[in-house]
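> Below are the chains, spelled out letter by letter.
Protein chains: 4
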Amino acid sequence: MSINTYGHLFRVTTWGESHGPALGATVDGCPPGIPLDAAQLQQWLDRRKPGQNRYTTQRREADEVEILSGVFEGVTTGTPIQLMIRNTDQRSKDYGEIAETFRPGHADITYWQKYGIRDYRGGGRSSARETAARVAAGGVARAALAALVPGLSLRAYMVQIGPHRIDRDRFDWDEVERNPFWTPDAQAAEVWAGYLDDLRKSGNSAGAAVELCLSGVPVGLGAPVYGKLDTDLAAAMMSINAVKGVEIGEGMNAAALTGEDNADEISMGPDGPVYGSNRSGGILGGISTGQDIVVRFAVKPTSSILKPRATITKGGAPTEIITKGRHDPCVGIRAVPVAEAMAAAVILDHLLLDRGQTGGVRGRIG
Amino acid sequence: MSINTYGHLFRVTTWGESHGPALGATVDGCPPGIPLDAAQLQQWLDRRKPGQNRYTTQRREADEVEILSGVFEGVTTGTPIQLMIRNTDQRSKDYGEIAETFRPGHADITYWQKYGIRDYRGGGRSSARETAARVAAGGVARAALAALVPGLSLRAYMVQIGPHRIDRDRFDWDEVERNPFWTPDAQAAEVWAGYLDDLRKSGNSAGAAVELCLSGVPVGLGAPVYGKLDTDLAAAMMSINAVKGVEIGEGMNAAALTGEDNADEISMGPDGPVYGSNRSGGILGGISTGQDIVVRFAVKPTSSILKPRATITKGGAPTEIITKGRHDPCVGIRAVPVAEAMAAAVILDHLLLDRGQTGGVRGRIG
Amino acid sequence: MSINTYGHLFRVTTWGESHGPALGATVDGCPPGIPLDAAQLQQWLDRRKPGQNRYTTQRREADEVEILSGVFEGVTTGTPIQLMIRNTDQRSKDYGEIAETFRPGHADITYWQKYGIRDYRGGGRSSARETAARVAAGGVARAALAALVPGLSLRAYMVQIGPHRIDRDRFDWDEVERNPFWTPDAQAAEVWAGYLDDLRKSGNSAGAAVELCLSGVPVGLGAPVYGKLDTDLAAAMMSINAVKGVEIGEGMNAAALTGEDNADEISMGPDGPVYGSNRSGGILGGISTGQDIVVRFAVKPTSSILKPRATITKGGAPTEIITKGRHDPCVGIRAVPVAEAMAAAVILDHLLLDRGQTGGVRGRIG
Amino acid sequence: MSINTYGHLFRVTTWGESHGPALGATVDGCPPGIPLDAAQLQQWLDRRKPGQNRYTTQRREADEVEILSGVFEGVTTGTPIQLMIRNTDQRSKDYGEIAETFRPGHADITYWQKYGIRDYRGGGRSSARETAARVAAGGVARAALAALVPGLSLRAYMVQIGPHRIDRDRFDWDEVERNPFWTPDAQAAEVWAGYLDDLRKSGNSAGAAVELCLSGVPVGLGAPVYGKLDTDLAAAMMSINAVKGVEIGEGMNAAALTGEDNADEISMGPDGPVYGSNRSGGILGGISTGQDIVVRFAVKPTSSILKPRATITKGGAPTEIITKGRHDPCVGIRAVPVAEAMAAAVILDHLLLDRGQTGGVRGRIG
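Protein chains in written order, with this note's numbering: chain A, 4 to 369; chain B, 4 to 369; chain C, 4 to 369; chain D, 4 to 369.
Worth flagging that the hints you see were computed from the coordinates, not collected in a lab.
Please note: incorrect hints may appear among the correct ones.
If several chains are the same, the list does not tell them apart, and a pair holds so long as it fits within one copy or across any two.
What the hints assert, rightly or not - Computed list of lysine to aspartate or glutamate pairs in EDC-like fashion (alpha-carbon distance at most 16 Å, straight line):
1. K327 - E69
2. K52 - E214
3. K52 - D172
4. K52 - E67
5. K204 - E268
6. K327 - D264
7. K317 - D264
8. K310 - E180
9. K317 - E67
10. K204 - E263
11. K52 - E323
12. K327 - E67
13. K204 - D295
14. K317 - E268
15. K327 - E64
16. K204 - D274
17. K310 - E193
18. K52 - D170
19. K310 - D177
20. K310 - E323
21. K317 - D274
22. K327 - E263
23. K204 - E180
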C-alpha cells in the first residue's frame, strides 16, 4: 500500500472527493483479454449505492460508472483502466457548519492538522463515498478472477450490529440477499431493524461487524514474510473508512486457545489435503491453504450524528456540534460490498504475484 | 509491504532462515547523522532472546548483532544498514521428522505447496526466529526516533494469555519490567505462570494478546486513504508470525458502540486540542491525533506441541505428529519486543513520509 | 517506475488511449497548499498541442484539461489530483488499415504479441497522445516547485533535427520561444524548416535531439545508489515515446575523455563551491551539485510515414504499408514540453524524497 | 528503482561500503527451485575482480561470495537470498587526504553536502566496489534465466576507450575472452593497451563505452508506458557508477535518421516475424521484439588521478589534489561484467512481471 494505491501487481489508486465533480479509480496491471463492460461494474455499485433503504444515507447518487480507458471491443487490453463516477447530488449547503467545526470521532480535525487545508464538503476525501471507487475497481478484479479462477466465490455478510450478533446456528446463505443488512440470520435482521429505527429516531448511530468468506481460493497464494495474504487482507480491510479491527479465522479469540485446540488436523482427501477444522481462517504462514478464507472486521458507528457533542472550532473556541444532513445510521451496512471488492483486488493481486514468482508450480503431496 | 520488505521510505527487508548460517535485516532510508552502534541494538535483541525463562524456548542463541554497513564513526550515513545475526545453536537433528510430516497449524504445508521446496530445519523462513531481524531493524528506527521525536515512547505489554485477561484497574507501568510476561498486572502474571506451567507439562501451548501504547506521536502522521497509519500498523502486526487479529483503539468492540458513545469529545487545551476519551486509539481518518496510539493483537498458540495431532506426510500418508525440540509454550511473550520494533519502524516511516510530502507544516487551531 | 506509474513520493499514473473517450493522469503525493487551477496547466498543454504549425500533426485537439479532484478553493489538498483530457477529434476511419497490418518501427506488433489485443485506433495506448497526460501532471509538479524552490527554471530546447545540429556559439535563450522548433539557434531553425518541408513532401519523417537545462536545482537531491537523480531523469526521458538514447552532461562523449579533462575543478565562491566546468551535467554520484543539470535525448523519426515499407499482416501475410492520416513529420518537436514536464516531476519527487530522509540538513563547507 | 533497490518482482538491494567489514546484496523474489551455489556466483565475481591485469586497480580482493540465506539443498527456496562479500584488503591509510578534500569529478562533495557525513574510506558507498554486489545478484538472475529461458545469452563487450572505437568489420565474438578489455576487436585491444599504458604512466585515466547484446530474449517482455524494458535497462545502466549516457539500438544516432531509414522492415519467417534490420535495438514501444536487444553506455574516466586538480577542502580552503592509492586507469573495463549482471536482473524481472500479468499468453501472428 502506498499513499493512495493498493496492490503489488494489480494496483488500484482511488481519487476524488465527496462533493467534487467526480471520483474514481485508476486500475493498473489488469491481465489482458478479460471481458469487461460498465454494466458489469454497475451491478456491484448498485449494491453499495446509498438511499436504497432507511438504514443508509438518503443522499441519492446514481453512481453510474464510466470506463474511460483500458477496454477495447469489450475486453481489457492490459493497459490502465480508468473508472469515473460523476457526483450528481451535491447539496453543499448541508455542510456549512462543518467547515468551521470539527466533528468528534471524524477525520475533520486530523486532515486539517496534517494538510492545513481540507475539502470539508461532505467529508471530502474522507467521506465513505470514496468506497464507490473501490467497489468499481473490485468489479474489475472480480471479472479477472472469474476468468482465471472459475470456482472462486467472494461473499461478505453482516454478523453484528451494535451489541447484537448473529446466531451461527441460524446461518443461511440464501437469507443474505433477502434483507437490507446482507445477513445470513433472518432473526438478527429483525432485531437490527428495530434497534436501528430507535437509534435513527434519537439521532444516534451504530457500529457493526462484517465477515468475509472466500471459497475456492487456490492453494499457495501469499508471499511471506511481509506480503502475506493475511497481512494484505488485513490492510485492505483496515483501510476502509471507520474500520477499527480485523480478524483472520479465530482472530482475537486465538489468544484464548491452546495449541491442541488451535491445530487444524490434516488428512488426505481425494484431491489433496483436507482439514478437520478451519481455525486458521484458510491461511498458514501467510499462504492460502485452499480452505475458505475467513476475515472479520468491525466498523465504528457513523460519527455524523444528531446527538450534540462537545467540540472546538478551527479558531479553538469550545462549542457543541450536531451534524444534520443525510448520514448512514450504520455505515457498516454499506461496508459489505466494499469488503468484497477489496478482497477481490487482494486475491487477484496475489494470484498474479504468485504466477509471476513461481509460475504456479506447486509442491506435490501424495 | 512488498514481498519481504516493509515501509515506504524507511524500508526493511529481512532475510534468513532459522538454521542457516545467519539472518538479518537490510535497512534502507534511515536518516543520516543518527548515533548508532551494535550495543544499542543489542539491548532490544536481548529482550527478545530465547531461553531467558521457562516460558520461552530453551534454544540458546547469543543473538549477537553485527552492523556491516551504513554506520561510520558512530553515526548513520544515510546509506543501507546491514544487520547480521549469526545462528549458533542449530541442532538440526531435532528437526528430522518435520522434514517429511506437516505440523497442523503450521506453515510447513503451505510453504511446501507454494514453493515445492522448503528449508524445514526449525521452520526455516517461517520460524519465529525471523523476528530477531525485525527487532534489530526496529532498534535502528528507535534510534532515529529518539533523535527526531524526543518525547516519544513505544511500549508493548501482555494483556491476555489463554483465557486470562489483565484487570485494567491493576494496570501499573512499573510492573511491566518486573515479570517474565511484560505485563502491567502483577496478579495476572501469577495466574499466567501457573497456567503456562500446567500447559507446558502436558505438552500444550497457549495463545496471547499483546497491546502497544505509543505516546508522544506527533499529530498528522498517516497518509489517507491507503497508506493510513492504522492500516500500516495493522499490517505490521499481522505480518508477525502467528498473529490472527489486530485492533486499533476500541477494535472489534467498536461494532457494539453507538455514535454518541464512540465520539471522543474535543476541548481546547493549552497546547492544542484535548480529547475527553480515546476510543479512536489515537488515529482518525488514518492520521494521528496526538493522543496515545493504542494497538492490540492476538497471537495464536505455538503449533509445535507434544500433544499428538493427526496429519499427513509429504507422501500423503495419514499419521500423527508430536513435535519434540525446544519450543515456546507461549510464543506471544516474545512478540512483545517484536511489536515495539515493528511499531517503531512504522512511526519513523510515516514521520519521514509526512515531512516529505508536507514538510511538517500543520493547520493551526486557535 | 512501476508499470504505468513514475515517481517515489510524487507519483504519476497516466491512463487513456488516443481514440478512447479521454486520457489523463492520476497525481498522488503532491504537497498540500499549492495554488493550482486548470488554466495554469492549460498553458503547458497548449505548448504541446498538435496542429499549431506545419511541423506537427494536423490532428486538432482542444486538449482541455479538467481537474476532477485534489484541489479545493484554488489550492491542492494533499489528496490525489485527477487530470482528465477529453479526446474530441477521433477520426477512427483513418486507422482502418493498421488494425490488420503492423507498421515497421512501431509498437503495433509488440503490443499485439504481448497482450493478444490492442486498441489500434491511432496507436491506442502507444500513441504520442499519451504525453498530453504527462504534460498536465508536469504542470502540477511545476506549480509545487514554484512554491518550494522559487529560483528554479526548467527549460528544454531542440538541438538537432536529422543530421543538422545547432551551433552552440549561436545559442540564444530568447530565440527559443520565437521559432516552431523551440531552438536557441535561429539559423538552425531555418535549416530545419527547409529540411522538414522536403521530408514532409516526400512522405518521410525525421529524428531529433532535445536538451534540457535545469537551473537552480538545490544541492543534495538524488538518492544513491539506485534512486540516483540521473538514473531517474534517464528513466523519465527514456519512457517518452520514441526516445532511444539519453545523456547526462558529457553523455556518450564521456567515453572519449581523460580523467584530467573530465574533472570539473572546484573553487570556493561567496555562496559555496563553484565549479570551473560542468562536464558532469550537474550530478555527481547521483546527487545534484547545484550546477545546471543538463540532459539530452534522441527521438527516433515518426514511424507512421507515407513511404511504403515492407511488413506483414496479423495473418502473417507479407504486404507493404504506407500510413496515411495526420502524423508528426518530426515527433521530437512536441517532445520538448514533454521533457520539461517529466523533469519537473522527477525534481519535485527527489525534493520530497530528500526532505523526507534528510529533513534538508546539509553538510557545511567553509 | 527505489532508493537502494532495483526491480519490480525480482528485487535487489545492495548494501555496504568499500572499506567496511563487508558488502552484499539482498535478493528478493527469486523463483523457487533454481539450482544455485556460491561457486556459480563466484565465476561472475572473478571476472569483475580487481588486480587481474595492469588496466584495473591493484587492490587485491578475494571477492569471495557467501550465500547466507534463501538456498536449501542446492536450490533456491523462493525466500530472500543474502549474498555477502567480506572486504579483506582495506588499506585505510591510503585514503587520509580525501577525508578532508573533495576530488573533482567525484561524489565526495555531493555525499558530504547531502548527508553531512560520509564514509570517505575508498569512496565508501560511492566506490565502484559496490558493483561486486550487483555482479553477485546478477549471478542469481542468470541462474534463474538459465532455468526459465534456456537459449538466452547476455554478453557485454568494450566498444570504445578514450577516442578509439572498435571497427565493427573486425567484430569477432571469440576475441572477447582473449583480451583484458573484453573487446571483440583484437586490433582495438592493442591500440587501447598502448593508450592506457601512456595514460597510466602520466597518472591520467580514460573513459570507455560498453555494449550489451542480449540474444534469445522472448517476445513480449516490457510493460508500457513507464515500466518499459528500455526504460528499465537504461535506468539499470545509468545507475552504474560513472555512467553518463545510455543508448538502445541506434541510440543518439536516431536523431539523424529519417523514418524511412529507421523502420525495421518485417517479413514472415518460419517461426514468426523476421526483421530486415535492428535499428530499434530489439525493443518497440517498450516491449521486446525477439530480436537481439542492444544497449550501449558510456563510462566517464576515473576521477581519482595523479594529475593535480584544483579543489577545496571541507573547510572551504582552495587546494590541489592528486589521488594516490590504487585506482582503475579505465574503470569502464570492469563495467563489462557489471552491465551483464544488471541486464540479467532486468530481463528476469520483466519475465516474472510478464508472466504475472499476462500468464505468458501471446497474440498469434499467422
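> Against each hint, give a clear statement of whether it holds in the structure.
Consistency of the hints with the structure:
1. K327 - E69: neither (31 Å within a copy, 32 Å between copies)
2. K52 - E214: neither (20 Å within a copy, 37 Å between copies)
3. K52 - D172: This pair counts as neither: shortest intra-copy Cα distance 30 Å, inter-copy 45 Å.
4. K52 - E67: Within one copy only: 10 Å inside, 31 Å across.
5. K204 - E268: neither (50 Å within a copy, 22 Å between copies)
6. K327 - D264: Cα proximity of K327 and D264: none, with 50 Å in one copy and 18 Å across.
7. K317 - D264: Neither: 53 Å inside a chain and 23 Å across chains, both beyond 16 Å.
8. K310 - E180: neither (32 Å within a copy, 43 Å between copies)
9. K317 - E67: neither (36 Å within a copy, 37 Å between copies)
10. K204 - E263: Result: close only across copies, 13 Å inter versus 48 Å intra.
11. K52 - E323: The answer is neither: 31 Å in one copy and 52 Å across copies each exceed 16 Å.
12. K327 - E67: For K327 and E67, neither the intra-copy (26 Å) nor the inter-copy (38 Å) Cα distance is at most 16 Å.
13. K204 - D295: For K204 and D295, the Cα distance exceeds 16 Å both inside one copy (39 Å) and across copies (34 Å).
14. K317 - E268: between (58 Å within a copy, 15 Å between copies)
15. K327 - E64: Close neither inside one copy (18 Å) nor across copies (45 Å); limit 16 Å.
16. K204 - D274: For K204 and D274, the Cα distance exceeds 16 Å both inside one copy (54 Å) and across copies (38 Å).
17. K310 - E193: neither (25 Å within a copy, 45 Å between copies)
18. K52 - D170: neither (28 Å within a copy, 44 Å between copies)
19. K310 - D177: So K310 and D177 fail the 16 Å test inside a copy (37 Å) and across (40 Å) alike.
20. K310 - E323: within (10 Å within a copy, 59 Å between copies)
21. K317 - D274: between (63 Å within a copy, 14 Å between copies)
22. K327 - E263: between (53 Å within a copy, 14 Å between copies)
23. K204 - E180: For K204 and E180, the Cα distance exceeds 16 Å both inside one copy (26 Å) and across copies (50 Å).
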